[in-house]
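Participant: Take a look at the letters that make up each chain.
There are 2 protein chains.
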Amino acid sequence: MQELNAPLDGITVIDLTRVLAGPFCTQLLADQGARVIKVEPPGGDDTRKFGPFVHQKSAYFISNNRGKESICLDLKQPADRIILDQLLARGDVLVENFRPGTMEKLGYGWEILQKKYPHLIYASISGFGHSGPLMTAPAYDMVIQALSGLMSVTGSPDGGPQAIGISLCDIGAGMFAATGIVSALLWRERSGRARRVDVSMLDAALSMQGTNVMRYGATGEVPGRVGIRHSLITPFGAFACRDGQIILAAGNDHLFGQLCHVIGKTDLITDSRFTNNEARNENYAALKPLIEDALAARTVTEWLEILAKIGFPCAPINTMREAMLMPQVSARHMVVTATERGVSLPVAGNPIKLSDLPDPRPGQIAPDLDEHRGEILAWLRERS
Amino acid sequence: MQELNAPLDGITVIDLTRVLAGPFCTQLLADQGARVIKVEPPGGDDTRKFGPFVHQKSAYFISNNRGKESICLDLKQPADRIILDQLLARGDVLVENFRPGTMEKLGYGWEILQKKYPHLIYASISGFGHSGPLMTAPAYDMVIQALSGLMSVTGSPDGGPQAIGISLCDIGAGMFAATGIVSALLWRERSGRARRVDVSMLDAALSMQGTNVMRYGATGEVPGRVGIRHSLITPFGAFACRDGQIILAAGNDHLFGQLCHVIGKTDLITDSRFTNNEARNENYAALKPLIEDALAARTVTEWLEILAKIGFPCAPINTMREAMLMPQVSARHMVVTATERGVSLPVAGNPIKLSDLPDPRPGQIAPDLDEHRGEILAWLRERS
Chain A
1 MQELNAPLDG ITVIDLTRVL AGPFCTQLLA DQGARVIKVE PPGGDDTRKF
51 GPFVHQKSAY FISNNRGKES ICLDLKQPAD RIILDQLLAR GDVLVENFRP
101 GTMEKLGYGW EILQKKYPHL IYASISGFGH SGPLMTAPAY DMVIQALSGL
151 MSVTGSPDGG PQAIGISLCD IGAGMFAATG IVSALLWRER SGRARRVDVS
201 MLDAALSMQG TNVMRYGATG EVPGRVGIRH SLITPFGAFA CRDGQIILAA
251 GNDHLFGQLC HVIGKTDLIT DSRFTNNEAR NENYAALKPL IEDALAARTV
301 TEWLEILAKI GFPCAPINTM REAMLMPQVS ARHMVVTATE RGVSLPVAGN
351 PIKLSDLPDP RPGQIAPDLD EHRGEILAWL RERS
Chain D
1 MQELNAPLDG ITVIDLTRVL AGPFCTQLLA DQGARVIKVE PPGGDDTRKF
51 GPFVHQKSAY FISNNRGKES ICLDLKQPAD RIILDQLLAR GDVLVENFRP
101 GTMEKLGYGW EILQKKYPHL IYASISGFGH SGPLMTAPAY DMVIQALSGL
151 MSVTGSPDGG PQAIGISLCD IGAGMFAATG IVSALLWRER SGRARRVDVS
201 MLDAALSMQG TNVMRYGATG EVPGRVGIRH SLITPFGAFA CRDGQIILAA
251 GNDHLFGQLC HVIGKTDLIT DSRFTNNEAR NENYAALKPL IEDALAARTV
301 TEWLEILAKI GFPCAPINTM REAMLMPQVS ARHMVVTATE RGVSLPVAGN
351 PIKLSDLPDP RPGQIAPDLD EHRGEILAWL RERS
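In order, the protein sequences belong to chains A and D. Residue numbers for the first sequence follow this note's numbering, beginning at 1 and rising by one. Residue numbers for the second sequence follow this note's numbering, beginning at 1 and rising by one.
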């Protein structure tokens, strides 16, 4: 048994990933203590050129590559290929998110590497996965959001489909891949054998939509758009106050009663149209304006204060700025400031809190291209 | 070294979770080979009462509890508390998603359990986490979508904020918790010590929004809604054809050129307003109608066929039904049919593909309440 400061202490990840899904995954691994060596092509990860920039450094790149090391390798050059081979011989995990076929063309496919480096866990993140008819089709997050049905269920019933305001299929695939990689590490630790991890954005989208898959599967009814409203519970969604919308979540009859008292509409409690959730669901169109009539008397902030006092589940629709300024977010270190080499940038923190695992250090920043070549080459020499 | 059929073979999860975030997490663990013993209160997990129903069984419950065992325990009864203690003594992981404070009131808080069962990994999933000023505030997915800024960035620029059409904060927290639990298992395997895992829906939402956090952090500009459109690349988003919208993703100048050729608008390539991505971003308002004029000549299906031939990244905006019918989805077993005891229901499959790990067996269904009491009690006796 070893003394370890973090779950992935001593684990080295050889990271060939670019842009978002892969880098998000390997950043999660770095936050859990892995040493992540980012292998970049000449010119670096494309996102080094994505704005906005802070002191000439891409904020986009920084926010997904916190706490990694960088070495620049040209995989068309024999000398650099030797270095990659040395890294793979000494690393524990290879992660890549090229389009399927690319690693094979480069001579680093799973079939070859599993023979050369039987200890190496090989993780691939791609649009459609390494099997199936669409395997090599081009994929971007927006393409997968559209194909997977995610857009079709997002938006209001009277409007068109909407994209989700984050690259959810990239992020989701990165998250599942992180679980798969840690699982494969546990499997190797217990059985001595390294496995292949194969996660796709489309698979991730289907899994995250399990409830919609089930709903169509059970009823044959195609799930539609419901806007900011729970599909099974009423009143549970967005309601207009004097100056904007508030989220009210009356999850049961007791909470509905509390709400009616607070807004001065106790007559609704005994109204036969609203006596239980089923009735309220059916009579949503009648109930909504009655609630909003009462809410119009005050602002969102005023209602939030009143409702907070009785512990009623409610929320403002925050902007990103308002969300980041929540004391709860600071208390959980979910915005950390990267400060180094003249760059100071607030980025998202580590969402996986384990006891004895410190949150990412402030000051931990993404590497410059090829910044760690010297240390990495020295490490390879000392271990060979 | 052991022979193991799956990464979590031989791992027993004592699952006190209800509704969505927790059950989604433990289903991921079950798919990876863990034995998941779902401990349900009298009456069972609330979602057993959620429609739609298939042969009197909740499809909602089935879709999140595939492959688990069930035992019903009343934690107010001393005899049943003894059974839970025996389970915790023999289990590897406890997962719960009560509101913080509830487990403590029941006498099963982390402080107590870590002393009684030092081998036991203790994982909590909650709205706000087990620290911070909002720790015990009520949380639902919609509340967290609103608070975290997710709603504020979803929707079209001229419309209001929108909810995401899935319970993303529940699902995301469940996904991060799964990674945390497997990490903690690896940590225990290597160091001998069990840790606490503490994942919150709000933390998950912040992490998944890393790009928006960074954007506000770098520029001070509050990220807004852009509709179905990439914020950095043009043309990249939804465009109207004769009978509906198509997603076109011209990620670079070459793809833009290809698109112009295919739609018969080669004049756009040399138009000074559109010569590079920066110019196209600026002149999006001029470019969009020009592209849509050309697209109006054909249907979405016709354009998809034409664009597929040249490998141009594009997509229809699928409904859930259309998504589930994609041959790619079947090829990846992302919709599996649960068939048992007269129930047949398509549910989402396992998104974490590892080599040598078979996908969930068709026929694997969620348990009836207390279905496995006999086997579980026999197992406790045989091991004590």
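Watch out, some of these pointers could steer you wrong.
According to the in silico footprint, chain D covers these stretches of chain A (three or more CB under 8 Å from chain D) [what the hints assert, rightly or not]:
#1 124-137
#2 258-271
Computed list of lysine-lysine pairs in DSS-like fashion (alpha-carbon distance at most 25 Å, straight line) [as the list claims (entries may be wrong)]:
#3 D:Lys105 - D:Lys115
#4 D:Lys309 - A:Lys105
#5 A:Lys309 - D:Lys115
#6 D:Lys76 - D:Lys49
#7 A:Lys309 - A:Lys265
#8 A:Lys115 - A:Lys105
For the chain A half of the interface with chain D, some residues (derived, Cβ under 8 Å), not all of them [as the list claims (entries may be wrong)]:
#9 Ser63
#10 Leu75
#11 Ala79
#12 Pro316
#13 Arg321
#14 Leu325
#15 Arg332
#16 Pro351
What the hints contain is simulated information worked out from the structure, not anything from laboratory work. Backbone N, C-alpha and C fix where the C-beta goes; we use that ideal spot for every residue, glycine too.
Participant: Hint by hint, say whether it matches the structure.
Facilitator: Going through the hints against the structure:
Only residues whose beta carbon comes within less than 8 Å of a beta carbon in chain D count, and the segment 124-137 of chain A has 7; three or more means the coverage holds. For a cut-off of 8 Å, the count of residues in the segment 258-271 of chain A with a CB near a CB of chain D stands at 0, and the three-residue condition is violated. For the suggested pair Lys105 (chain D) and Lys115 (chain D), the alpha carbons sit about 17 Å apart, so the restraint of at most 25 Å is met. Among the hinted pairs, Lys309 (chain D) with Lys105 (chain A) is consistent with the structure: their alpha-carbon atoms are about 22 Å apart, no more than 25 Å.
At most 25 Å may separate the alpha-carbon atoms for a hinted pair to count; Lys309 (chain A) and Lys115 (chain D) exceed this at roughly 36 Å. At roughly 23 Å between alpha-carbon atoms, Lys76 (chain D) and Lys49 (chain D) fall within 25 Å of each other, so this suggested pair holds. Distance check on the hinted pair: Lys309 (chain A) and Lys265 (chain A) sit about 18 Å apart at the alpha-carbon level, within 25 Å; holds. A threshold of 25 Å between alpha carbons decides the hint, and for Lys115 (chain A) with Lys105 (chain A) the separation of about 17 Å falls inside it, so the pair holds.
Satisfaction of the interface hint for Ser63 (chain A) is found here, the shortest Cβ-Cβ separation to chain D being roughly 4 Å, below the 8 Å cut-off. A distance limit of 8 Å between C-beta atoms decides the matter here; for Leu75 (chain A) the minimum to chain D is near 21 Å, and the interface restraint is violated. Hint status for Ala79 (chain A): violated, given a least beta-carbon distance of 30 Å to chain D, over 8 Å. Using the Cβ-Cβ criterion of 8 Å, the hint placing Pro316 (chain A) at the interface with chain D is satisfied: the shortest such distance is roughly 7 Å.
For the restraint placing Arg321 (chain A) at the interface with chain D, the shortest Cβ-Cβ distance is roughly 5 Å, inside the 8 Å limit, so the hint holds. The beta carbon of Leu325 (chain A) is not positioned within 8 Å of any beta carbon in chain D (closest approach about 10 Å), and the interface hint is therefore violated. Look at Arg332 (chain A): its Cβ gets to within about 5 Å of chain D, closer than 8 Å, so that hint holds up. At a threshold of 8 Å, the smallest CB-CB gap from Pro351 (chain A) to chain D is about 4 Å, leaving the interface hint in force.
Figure legend: structure checked against the earlier numbered hints; hints not met, in rising order: 2, 5, 10, 11, 14.
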